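2 protein chains.
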Amino acid sequence: MRISSFIFGDPLKTENLEFEKLTKFKALAIFSADVLSSVTYATEEILLALGAIAAYSFSLSIAGIIVGLLIVISISYWQTISAYSTEGDAFTVAHQNLGEFLGLISASALLIDYVLTVAVSLSAGIHVIVSAFPYLSNYNVSLCLIALLFITISNLRGSKELAAVLSRPTYCFIGIIFLMILCGFFMETPYLEIPMIPYNTSNALVFVITLRAFASGCCALTGIESIASGVASFKYPQYKNAQITLAAMVVILSILFLGITFLANKYAIIPNNEEAVISQIARYVFGAGFMYYCVQIICATILLTAASASFSGFPGLAYTLAKRKYIPTRFANLGDRLAFSNGIIVLSIMAMLIIIMFKGDSHALIPLYSLGVFISYTLSQAGMVKYWAVNRGENWPIKVAVNAIGAILTFLTLLIIMESKFLNGAWIVAILVPILFCLFKKINRRYEATNVELDLKRGRLGNLIQPLKNTKPKVVIPISRIHKGTLSALRFAASLSEDVTAVVINVDEREVNRLKLTWKAMNFSMPLAILKSPYRSLVNPFLDFLHEQDERESERGKTIVVMPSFVPGKFWQNILHNQTATILKTALLYKKRKSEQTRIIVEIPYQMKIQE
Amino acid sequence: MRISSFIFGDPLKTENLEFEKLTKFKALAIFSADVLSSVTYATEEILLALGAIAAYSFSLSIAGIIVGLLIVISISYWQTISAYSTEGDAFTVAHQNLGEFLGLISASALLIDYVLTVAVSLSAGIHVIVSAFPYLSNYNVSLCLIALLFITISNLRGSKELAAVLSRPTYCFIGIIFLMILCGFFMETPYLEIPMIPYNTSNALVFVITLRAFASGCCALTGIESIASGVASFKYPQYKNAQITLAAMVVILSILFLGITFLANKYAIIPNNEEAVISQIARYVFGAGFMYYCVQIICATILLTAASASFSGFPGLAYTLAKRKYIPTRFANLGDRLAFSNGIIVLSIMAMLIIIMFKGDSHALIPLYSLGVFISYTLSQAGMVKYWAVNRGENWPIKVAVNAIGAILTFLTLLIIMESKFLNGAWIVAILVPILFCLFKKINRRYEATNVELDLKRGRLGNLIQPLKNTKPKVVIPISRIHKGTLSALRFAASLSEDVTAVVINVDEREVNRLKLTWKAMNFSMPLAILKSPYRSLVNPFLDFLHEQDERESERGKTIVVMPSFVPGKFWQNILHNQTATILKTALLYKKRKSEQTRIIVEIPYQMKIQE
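Protein chains in written order, with the working numbering: chain A, 4 to 615; chain B, 4 to 615.
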């Protein structure tokens with residue numbers, strides 16, 4: 004207990020669960036970490052894709068197009084915010100407007116996306132660190148996992164302390180990158196030869212590569228919707244503040260993204276495996292001194308912050324899904340520290356597996372990343388189109404048009420990403436989304452079936468729980484040896500009914516004979532039945548005996564089983580004992596059963612002294 | 004069930020448990036597989052050790068010394084057989100004559116030894132196969148694990164069918180190796196230059212290397228005691244037959260071991276990583292044709308057979324230890340197929356781990372191997388010395404002398420092995436033996452403490468189980484919602500006592516309010532207690548409530564807990580439900596407990612229909 008308190012903090016009372024409303028300044032810091040952090044790797048992804056034909060000079064135009072798309076998507080979300088002021092996440096919007104099917108598809112895409120955000124951000128963060136300290140390059144995966152562990156624990160401690168710290172890296176990051184862009188912009192540079200597209204490259208190839216670079220760069224657009232899903236946490240007037248914050252975020256993102264891409268062009272930077280592009284730029288601008296290391300460390304910090312953002316997004320969505328019974332309801336339980344511990348732990352394990360599978364290589368992960376994001380963008384925009392068309396309101400045709408344009412553009416982008424990234428890993432997401440969907444549906448159907456079966460017809464049911472005084476139950480008590488533990492069980496059985504049969508299963512002839520002698524010597528009044536067990540099974544002879552008893556006098560109800568059980572001093576000591584009671588109970592509940600039976604099982608645990 | 008029947012065979016009746024008595028011919032085949040199989044790698048181990056100073060020519064003399072040691076040990080065991088005609092294994096002999104401490108030490112050594120026999124035999128077997136089919140060399144570990152799986156399953160099917168098959172490879176092996184030695188002996192060979200010891204090698208180094216080679220070669224002596232531990236399975240006159248079989252085994256082993264070492268010298272064979280020595284010899288003698296592959300396959304088969312032998316030895320020893328309560332008693336349970344399944348499974352898992360850890364490299368494993376064997380040899384011989392000194396009988400001074408010489412020689416060998424192999428891995432065994440010893444002692448003490456606590460004072464106890472009619476028990480029933488399942492629990496609680504309190508733990512304010520309304524609407528007569536849970540724990544408020552109840556009117560006995568529980572259609576569906584009943588029950592049994600309390604827990608499981 005004390006160790007867990009030290010690591011995770013003391014438990015918090017439920018009444019402490021009140022959300023501090025965020026100012027625009029704080030909200031920008033918290034919600035934009037995810038989006039802004041992507042500028043540390045988006046330019047690099049574009050350059051990597053263009054590398055196939057050395058068309059590095061295209062990068063700035065592609066970044067421009069992506070910024071255009073960013074603006075369109077943001078305007079669409081601007082509208083979403085005004086309509087859904089509490090929870091504007093893609094799942095809610097799609098579920099309410101487009102129905103369960105598309106809602107769950109977007110939920111699947113979002114869940115996958117949260118996991119990938121953690122994996123990509125951590126991998127990219129460690130890549131930046133390794134660029135600055137190359138001798139760490141062999142510990143890539145281990146460093147990712149250590150960072151993951153750190154983030155998981157701090158999120159399990161609860162989000163409040165975290166939020167206080169989170170605003171710092173974002174503004175540091177904005178500041179230092181802005182400074183870098185300014186310095187780089189005005190710095191004189193020696194003439195650098197930019198590699199040229201080979202002379203004989205076909206136009207078709209150029210086109211394909213450009214599309215691919217665009218698809219790669221779209222990872223800069225992930226996380227825009229975080230503000231829309233968090234409107235509830237803004238200060239009043241909530242939706243106005245959220246919209247202003249969104250606008251600020253878009254402006255900052257555009258400047259940073261275009262600026263970095265511009266500098267990459269200016270310094271003719273070519274991506275390589277050893278050093279991240281952002282690190283190369285910083286080295287050109289600031290030289291390999293103090294400022295350079297500042298940039299690297301701040302970049303790594305904002306990437307960790309971005310990973311941490313998923314740790315509130317994923318459990319939040321899981322909570323919503325659990326409340327609607329699409330995933331096990333335990334995801335809706337608040338933990339000791341008022342954080343949804345189950346969601347946090349599942350997210351952490353998934354991210355860990357992915358980091359290990361992809362060996363912490365962010366380049367390998369990014370193709371998987373954007374697909375899910377654009378599925379949920381498209382569905383969210385399409386949902387908004389439906390929303391305006393149904394609910395109308397002021398200027399609704401314009402609003403329909405804006406969201407429709409958003410939906411069409413994000414859908415086109417989705418197709419481009421599908422085309423250019425499918426074989427590079429996006430197929431994994433394309434397979435996972437329907438699998439998750441089926442799982443959600445199956446779980447939901449189970450819960451509904453359960454509810455239907457358990458439900459009581461309404462009305463005054465008080466008379467249903469009259470005591471069962473008239474029927475005299477039959478009681479069976481399985482024993483194997485007579486000791487203090489069995490004795491108290493026999494005593495309780497005798498007080499339950501006058502028709503008690505002790506039962507022993509004959510697995511070892513000698514022990515049964517010994518028991519018979521003791522039974523006689525002790526002069527017990529109840530009969531002792533000895534069950535044959537030619538195959539040494541404890542379970543089957545006992546179940547058969549019970550069924551036979553039940554059938555013989557069915558009007559007296561199910562035979563009650565009184566089970567003497569044995570509880571050792573410490574939990575691990577269970578390994579020393581044969582767990583007969585547990586085995587019999589599990590078999591009673593799950594084996595050879597007919598549906599809807601209720602057999603009363605009385606457990607009389609004998610608790611051993613705690614020794615050693 | 005049908006799948007398990009197909010793989011493991013149908014269950015067998017206990018009455019089929021009768022051991023067929025073995026003829027000398029069959030017994031030799033079964034008991035000597037382990038010993039004889041070691042000639043496939045013992046010569047190689049000697050040559051490898053000698054390789055350090057290229058003193059390959061010493062190998063034949065070293066083999067001669069080992070054969071001398073073999074004869075001494077066998078004569079000692081000859082005497083053991085006449086004294087212990089049912090179970091002459093090292094544990095029994097040491098335990099009875101030298102006391103618990105040395106008995107358990109030898110049991111630890113033996114258990115480790117069985118695990119290593121499996122790992123070494125499989126690795127060596129696969130090494131032989133890979134020598135013949137070099138393109139399999141990358142699948143080394145996988146092949147070992149497949150073979151292990153095969154052996155495990157066939158042993159879980161029971162030993163009878165197995166024994167019938169086992170006699171064949173042994174005689175094939177003896178035949179083909181004998182033939183190979185004969186052919187090799189009479190074959191003309193071109194002059195081969197045997198590498199010479201470098202001129203400037205110091206005598207001290209030569210001495211050390213020779214000792215080391217001797218220690219390595221001692222792996223040929225593992226498994227001699229198998230006949231002594233299996234005397235009970237011989238035909239009458241048991242001990243005579245066992246002695247004759249032992250003598251035959253020693254003669255055959257000596258011939259094969261010396262013959263192979265002679266051929267290795269004749270062909271100037273130098274061990275290498277790619278091809279086993281036995282494979283090199285076979286290639287020289289028979290050429291790379293049909294006979295060569297026969298030798299390889301038969302060698303691999305006898306090694307598998309040797310591994311399989313441990314699968315009756317280990318569970319047998321585990322049975323003996325479990326009966327004396329040194330390890331969990333479940334190791335004494337016979338499985339479905341009359342094999343000690345628990346022992347077989349544990350052995351298989353341990354062997355698997357070791358094969359994976361050592362990457363299936365028999366050279367790395369052998370240093371660990373001989374140490375345990377010689378610990379048990381030494382203790383067994385020493386035990387026999389004590390036995391003769393105490394029990395006397397005909398010619399007892401001579402018998403004391405023979406076993407004493409055996410004990411001294413095996414002890415000296417043990418010291419040599421310790422000295423030369425300690426750093427190569429024998430230290431692992433040297434650490435494991437005391438750990439196992441402490442474990443055995445600890446488990447034994449727990450069982451004894453349990454027995455003392457549970458034991459009843461003898462006498463007529465019939466009056467102890469009079470029904471508890473006078474006291475009216477308090478009953479508490481935790482609920483969270485009212486549905487069909489809780490209803491039957493409430494009904495049973497009402498029939499148990501008139502003092503029933505339903506309890507709900509306030510984790511979610513809204514749900515509790517809903518429950519209160521339903522409770523009122525349904526007009527239940529019993530009170531509903533609402534427990535505060537500021538930290539959202541289900542366990543602590545409930546336990547506190549119970550303790551308070553218990554203390555208020557302690558003369559009325561412990562409060563009975565009636566627990567409605569929920570059993571889904573299939574076991575995996577438990578993941579969908581919150582397991583509140585299980586959590587509460589586990590907490591009741593293990594948390595905040597005072598010793599020796601017996602709280603009656605009544606479980607009323609509601610079993611869902613089986614759907615889908």
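FYI, nobody ran anything at the bench for these hints, they're computed from the structure.
Don't take each hint at face value.
Which copy? The list can't say, so a pair holds if one copy fits it or any two copies do.
With a Cα cut of at most 30 Å, we get these calculated DSSO-like pairs of lysine-lysine [unchecked claim]: (1) Lys475 to Lys612; (2) Lys573 to Lys561; (3) Lys487 to Lys328; (4) Lys477 to Lys487; (5) Lys594 to Lys523; (6) Lys573 to Lys27.
Since the structure is predicted, the reported quantities are computational estimates derived from the model, not experimental observations.
Cross-check of the supplied hints:
no.	hint	in the structure
1	Lys475 to Lys612	between (36 Å within a copy, 27 Å between copies)
2	Lys573 to Lys561	between (34 Å within a copy, 22 Å between copies)
3	Lys487 to Lys328	between (46 Å within a copy, 20 Å between copies)
4	Lys477 to Lys487	both (23 Å within a copy, 23 Å between copies)
5	Lys594 to Lys523	neither (34 Å within a copy, 38 Å between copies)
6	Lys573 to Lys27	neither (53 Å within a copy, 51 Å between copies)
Violation of the numbered hints given earlier is confined to hints 5 and 6; the remaining hints are satisfied by the structure.
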